[in-house]
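Protein sequences, first through last, are from chains A and B.
So the first sequence is numbered by the working numbering: it starts at 1 and just counts up by one.
So the second sequence is numbered by the working numbering: it starts at 1001 and just counts up by one.
Hints in this document: simulated from the structure, not taken from any laboratory.
Hints may contain errors.
[Unchecked claim] List time: in silico DSSO-like cross-link candidates among lysine-lysine, alpha-carbon distance up to 27 Å:
| hint | chain 1 | residue 1 | chain 2 | residue 2 |
| --- | --- | --- | --- | --- |
| 1 | A | Lys153 | B | Lys1131 |
| 2 | B | Lys1094 | A | Lys279 |
| 3 | A | Lys153 | B | Lys1094 |
| 4 | B | Lys1131 | A | Lys239 |
| 5 | A | Lys279 | B | Lys1131 |
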Amino acid sequence: MNHLETFLFWSTLSFEITLCGFVFTRKVQRILPLFATYTYVVLAGAIGILLTYEYFGFYSPTAYYAYWGTILLNAAARSLAIVELCRYGLRAYRGIWALVWRVLAALSVLLLIHAATDAWGQPNKVAIYGATLDRDLALASIVILAVLFLIRKYYGLAFEPLQRAIAAGICFICAVDVIGNTILRNILTGYLFSYFSINQKALWAALSPQFERVRDTWSTIHLFSFMVSMGIWCYALRKPLPAPSESPVLLPAEVYRELSPAINMRLTTFNDRLVELLKP
Amino acid sequence: MMNDLGIAVLLAIALSGVLLWLLIPRHKSSRNTLASFHPDAINAFPAAKHYGYFPQIRQALSVADSRYLIENAPSQVAKQALRERRAVARRFLKGLHEDFSNLARLGRIIAALSPEVSREQETERLILSLKFQILYTLVWLRLSTGNLPLQQLEHLTGLVGRLAKRMDEAMAEVSALSAGSLPKGISA
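Okay, chain A solo, but in the shape it has when bound (with noise of 0.2 Å):
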């Protein structure tokens, strides 16, 4: 590691370690476990590779597997902490929850699929797997995002703000993987491809650097999001958490039976009247 890595390095465990400590004195766990479980598990694997390069050495295949690994348990982790907040306050909406649930739950096996075929379709390289896979997951968890803000606003449902917090820092370190992956998987694929090769052996010598230069570049950035977005959750978190919301009492169910049907029939008839007005 360069001095700029072990420098993002430690400041990235130490918002890790500042983070699940307000994430605990808070009790997060209470309310949005999942999230919860995420702080620890990018603890965890940060504290399990720092623990493999002090073993197995930095450039060590372990500290290679072990990195690439750490990174699809976060983003399975993340995941996990997406599902939480879709459903996070909409549930108590029983009749928009039951069909905000499906458009979700779709969306999300259509983009795993979509990803899952995308990193099937890769060389068997660790790297370039890793990297297609983490960066399809990051694009769903932004498109999934993206949904689920819409409908929300569009129903008048506002997130509270430690949420929106949680939200924004997950929408950040997608955004910046997303990009960053799709960048190192051009360049693993591209004119680094023989790097991987057997058939290229000769050409491993001279194309080692170049390809820890990318790793190491590529470390940098994703080390820096986190930071960020940390930064973002600690910030959310510095303050005791409000009580919870009451759950809404509902209206009765013919209220919606009886007005919708006639609100959509007048919305009609302004479109009809406005179509009549564009008519020569």
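Got chain A; can you put chain B on it based on the hints?
Only chain B this time, still in chain A's reference frame:
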């Protein structure tokens, strides 16, 4: 041809932009959330407030008025008056947009507070709202370029008048049904 990288970068930037835009809290929109909604608000819901100006609008847009202006006023004055009438018509159209938005919002609030929601109804309302946005833009453009006879807008004034009456009835109904069942402040 745009490669894989370009598409991914653009998509990530666009999606992040949309998300950030949605994440930034705005005072104006927060006023419209369910967090501030309670039964009393139903009565005060701005149903079709532009209805109150319809007699004046009708008069201003009437064919007879236009003809009188063209026949009796100097041409410059008549042109100026017609221009101003178009501006009034545009403002009226904006009011209609507001009325439509309020009605659609009422529909969404009722859906959010309902234990059962119909997928067909919700999809229909979403499509209607999108359609209205497109039609509104087209009408506004035609009105601005002078390609839309003002008197055609008179039909809409009648529509909104009837709408206001039915909205009042609907809101009274919701208010009666929800009396005592909703807390004073519903949290989203």
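Hint-by-hint comparison with the structure:
| no. | hint | verdict |
| --- | --- | --- |
| 1 | A:Lys153 - B:Lys1131 | 19 Å, holds |
| 2 | B:Lys1094 - A:Lys279 | 20 Å, holds |
| 3 | A:Lys153 - B:Lys1094 | 22 Å, holds |
| 4 | B:Lys1131 - A:Lys239 | 45 Å, violated |
| 5 | A:Lys279 - B:Lys1131 | 16 Å, holds |
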